[in-house]
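Model the placement of chain B on the given structure of chain A, informed by the hints.
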Amino acid sequence: KAGVTQTPRYLIKTRGQQVTLSCSPISGHRSVSWYQQTPGQGLQFLFEYFSETQRNKGNFPGRFSGRQFSNSRSEMNVSTLELGDSALYLCASSSDDNYGYTFGSGTRLTVV
Amino acid sequence: DQQVKQNSPSLSVQEGRISILNCDYTNSMFDYFLWYKKYPAEGPTFLISISSIKDKNEDGRFTVFLNKSAKHLSLHIVPSQPGDSAVYFCAARANFGNEKLTFGTGTRLTIIP
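Chains as they are written, first to last, in the numbering used here: chain A, 664 to 775; chain B, 381 to 493.
Looking at chain A on its own, in the form it has when it is part of the complex:
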């Protein structure tokens, strides 16, 4: 069974630009969650999508958005990038009940 695939693995963007990250979940998993990891802050929850609908949302500004397609693949978008958005962005897929996540390897975003 293929794991969770995140693309790209690394990204360098300039302040003010926007970025789109992609996540393909494990086949059969309909839930996709996004987390931001920064040093000292652990994994901060961004949002979760289930069957193309946002099911949970964290406390991030509106510059962070996401969507999920009918094949369960998900994208997250960050607009008007700030230096503080530099982080590892992790995607996790789970079965319907959310009792266990499988993570991708993440996308390392650097904003300069």
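The reader is advised that the hints may include incorrect statements.
To be verified - Computed, partial: chain B to chain A, Cβ under 8 Å:
1) 476
2) 480
3) 481
4) 486
5) 490
Claimed, not checked - Distance ranges between label pairs, derived from CB positions:
6) B:456 to A:681: 41 to 47 Å
7) A:668 to B:387: 31 to 37 Å
8) B:396 to A:683: 45 to 51 Å
9) B:456 to A:674: 35 to 41 Å
10) B:381 to A:740: 25 to 31 Å
11) A:723 to B:394: 39 to 45 Å
12) A:675 to B:397: 40 to 46 Å
13) B:441 to A:679: 44 to 50 Å
14) A:763 to B:441: 16 to 22 Å
15) B:433 to A:683: 38 to 44 Å
16) B:394 to A:693: 41 to 47 Å
I should point out that these hints are in silico values taken from the structure, not numbers from a laboratory.
C-beta: ideal position from N, C-alpha, C; glycine also.
For chain B alone, kept in the frame of chain A given last:
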């Protein structure tokens, strides 16, 4: 508001000895707890979990203990091996709906050969 806290950012343990990683939580609605392990440049991988109806769960060298009255859980690794060097995250979820996992800030464990 950090509902899941790992107060030790780092821990060093001699190879062969016991590693104890601690985690505290504040939300009394949490009923399922997990530990994840993360190596650099990789995503976290699931290690072990425990439901609130238990106070202990064991899987090989890994044991998780849950003290609900103290809102505290711990992960014991015995014996510690060099490959255990990683960042460990505890996570929790509430017992209603399809709640998300809430993660702690992580503890970097270093096993000294």
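Results for each hint:
Of the supplied interface hints, the one on residue 476 of chain B is violated, with its beta-carbon coming no nearer than about 11 Å to a beta-carbon of chain A, more than 8 Å. Among the interface hints, the one on residue 480 of chain B holds; its C-beta lies about 5 Å from the nearest C-beta in chain A, closer than the 8 Å criterion. Given hint, residue 481 of chain B at the interface with chain A, holds; its Cβ is 6 Å from that chain's nearest Cβ, closer than 8 Å. For residue 486 of chain B, the interface hint holds, the least distance from its beta-carbon to any beta-carbon of chain A being 5 Å, beneath 8 Å.
Nearest Cβ of chain A to the Cβ of residue 490 of chain B: about 16 Å, over the 8 Å cut. The hint is violated. At about 45 Å, the CB distance of residue 456 of chain B to residue 681 of chain A agrees with the hint of 41 to 47 Å. Roughly 34 Å separates the CB atoms of residue 668 of chain A and residue 387 of chain B, a value that falls within the hinted 31 to 37 Å. The hint said 45 to 51 Å for the Cβ distance between residue 396 of chain B and residue 683 of chain A, and at roughly 47 Å that hint holds.
At about 38 Å, the CB distance of residue 456 of chain B to residue 674 of chain A agrees with the hint of 35 to 41 Å. At about 26 Å, the beta-carbon gap between residue 381 of chain B and residue 740 of chain A stays in the expected band of 25 to 31 Å. About 41 Å separates the C-beta atoms of residue 723 of chain A and residue 394 of chain B, a value consistent with the hinted range of 39 to 45 Å. At about 42 Å, the beta-carbon gap between residue 675 of chain A and residue 397 of chain B stays in the expected band of 40 to 46 Å.
For the hinted restraint 44 to 50 Å between residue 441 of chain B and residue 679 of chain A, the CB-CB distance of approximately 49 Å keeps it satisfied. Between residue 763 of chain A and residue 441 of chain B the Cβ separation comes to about 20 Å, which falls inside the hinted range of 16 to 22 Å. Taking 38 to 44 Å as the suggested C-beta distance range, the pair residue 433 of chain B and residue 683 of chain A conforms, at roughly 42 Å. Take residue 394 of chain B and residue 693 of chain A: their Cβ atoms lie about 45 Å apart, and the range 41 to 47 Å holds.
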